[in-house]
Amino acid sequence: MTMAVDAVRDTPFVVGGRTFHSRLMVGTGKYRDNETMARAIEASGAEVVTVAVRRVDLDRSKETGILHHLDPNRYVLLANTAGCFTADDAVRYARLAREAGFNEFVKLEVIGDQETLLPDVQGLLDAARTLVKDGFKVLAYTNEDLVTALRLEDAGCAAVMPLASPIGSGLGLLNPYGVRTIKHRLTVPVVVDAGVGTASDACVTMEQGVDGILMNTALAAARDPVGMAHAMRLAVEAGRTAYLAGRMPKREVAVPSSPLEGMLD
Amino acid sequence: MNDSIDVMVNGEPRTVARGATLLELLRALELDPRAVVVEHNRAIVRRPRLGDVTVAAGDAIELVHFVGGG
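Going down the list, the sequences are from chains C and F. According to the working numbering, the first sequence is numbered sequentially starting from 1. According to the working numbering, the second sequence is numbered sequentially starting from 1.
Don't take every hint at face value.
[Said to hold, decoys possible] Straight-line Cα separation of at most 20 Å, SDA-like style, residue types lysine to any residue; simulated pairs: (1) C:K133 x F:I44; (2) C:K30 x C:T86; (3) C:K137 x C:R95; (4) C:K30 x F:V67; (5) C:K133 x C:Q114; (6) C:K137 x C:G156; (7) C:K133 x C:T198; (8) C:K133 x F:A43; (9) C:K183 x C:R223.
Because the hints were derived from the structure by calculation, they are not lab data.
Bound-form chain F, shown alone (with noise of 0.2 Å):
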């Protein structure tokens, strides 16, 4: 069995080992929890429950957070 799962991360395809949360994702790219939020399969997660949440194959994660605007 194949340790890495494929997932969409805003719109690009990433490589995820199989059975990471959410909190761990955010780890692997080098982003702080605190400065972004997550929205898995158009639900958002809030940052207490991110260690929680199991990414699976084929899921859609939006990570945002703010920029300059009017």
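Chain C extracted, bound-state conformation (with noise of 0.2 Å):
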């Protein structure tokens, strides 16, 4: 018997010219404990993790880092900017990321706005087209606005990340149309990258057409962790193959399922 997904051809999610079967990308922060996480991990299914570059803490230098519960050969490292406010700021942090010798990808956040973790655009794009010159593979997360998400393309993005609602936020995709519209015009890949909250959110984000979604919160914070990447990865492969096979048009009005025909008198 084949299987129902066998029946919708996917093509290829290529990013940066690395091929993925996953189309969930997930972070590392915030978990209660590297063993949680590393479980979460496995669950989702995702093939690209995010990885935050910080000052080694001097005092607790015994600690275990995170590359011990993390296989750089079984996972890419997406080393983050966060934190960053000023392109300079971020293009640094980017080549520390690179530095530590893993891939020249990296998730390019400069920030403009501390309450909302908005993006700085114009920050954003003077980073983007330094670190492509620099031969840097840079998925730039970003807001839901169509000409910035065009900008970044143009800059040599391998990727356009724009947020579902504000980093943390949980709110699920709150602009399907601004997303919907940046996915119709951009030929780089759109991953939906912050604020999906649960499952459904994830479904209705990848409804929208986009080729993946990067989350953290969603599952770090969830009451379990584990099953919610579960759920998460369930979620971005349905959410997927219903945009594949094309949902029914919405009409204001009942149709029956049902014949009329055939009704007693």
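With the hints as a guide, dock the two chains, each given alone in a separate frame, to form the complex.
The following block contains the structure:
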């Protein structure tokens, strides 16, 4: 018997020349412990895993680093520039991350506002241009503004990552039209990053036709991160498959599913 | 002549032996050179060169690694 998903042919998910089987990318922040994180990532099926660059804690240097729990041969480590408020800082962090020696990928964040963590698009574009010139494969975290997304693509970004809603908010996809428009207009992959709170959010987001989702808090802050990771895996697959299958048209009136003929007198 | 110098490591003042290299600094801090990236006065120093670069008084050294993040 043929599996239902085999009937829906998908295109490969390629970012920066690398092909991925999973359209779900996950972060490694805010987990209660590294063991839970490792199990949640495993359950999510993600191949791309984000990490941050920070100072080594010199007083606790015996503590095992996060890389003890993430096999770089198994996962593509995607370093971010989280916490950077200027293009210069983001470029500095990206270069430090690359020096750790895993790959040329960077998730570029240049934050413009402390309260909402919304991006500074001017700084983002400046940093993206510098990093692309420097050989990085830039995945740029941005808002759902089409023009910024187009400029990021022009700048040579490997992927553009519009938010669903603010980082860590769990508010779900607030502007499906904006995200859908970006997807329609860009050639590079569009990966929604931030704001997904639960499985239905992930499913609705994938139904917009985007290429993937990156999430962190939705898993880390769930009561059961491993269970939620499994749910997200299914939701991303369900949303993607539904998008490919093509939903029925919406109507304002009821249309019966059963025949009108053959009713008893 | 004093045989130790003051430098800044990760934003904190530290005293190291005069003439110490970055590699010796890492050893003194009990850090595995393979597990950290070293920035010396804003310039990244690659791992094979850590033993060649000598620390001078007033230098700013950043030692970073990967931590959990989204």
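Run the distance test for K133 of chain C versus Q114 of chain C: straight-line Cα separation, threshold 20 Å. With Cα atoms ~28 Å apart, K133 of chain C and Q114 of chain C exceed 20 Å; violated.
Do the alpha carbons of K137 of chain C and R95 of chain C lie within 20 Å of each other, as the hint requires? Distance ~12 Å between K137 of chain C and R95 of chain C Cα, so the pair holds.
Given hint V67 of chain F paired with K30 of chain C - CA-CA distance at most 20 Å: holds, 10 Å
Quick one, are K30 of chain C and T86 of chain C close enough, alpha carbons at most 20 Å? Measuring from Cα to Cα gives roughly 24 Å; hence the hint is violated.
Please work out if K183 of chain C and R223 of chain C have their alpha carbons no farther apart than 20 Å. Between K183 of chain C and R223 of chain C the Cα gap is close to 32 Å, so the pair fails against 20 Å, i.e. violated.
Regarding the pair K137 of chain C and G156 of chain C, is the alpha-carbon distance no greater than 20 Å? holds, 8 Å
For the pair supplied as a hint, K133 of chain C and A43 of chain F, is the alpha-carbon distance within the 20 Å limit? Distance of about 18 Å is within 20 Å: holds.
For the pair supplied as a hint, K133 of chain C and I44 of chain F, confirm whether the alpha-carbon distance does not exceed 20 Å. Judged against 20 Å, a Cα distance of about 18 Å means the pair holds.
Pair hint outcome, K133 of chain C versus T198 of chain C [Cα-Cα no greater than 20 Å]: violated, 37 Å
Violated hints for the displayed structure, listed by number in ascending order: 2, 5, 7, 9.
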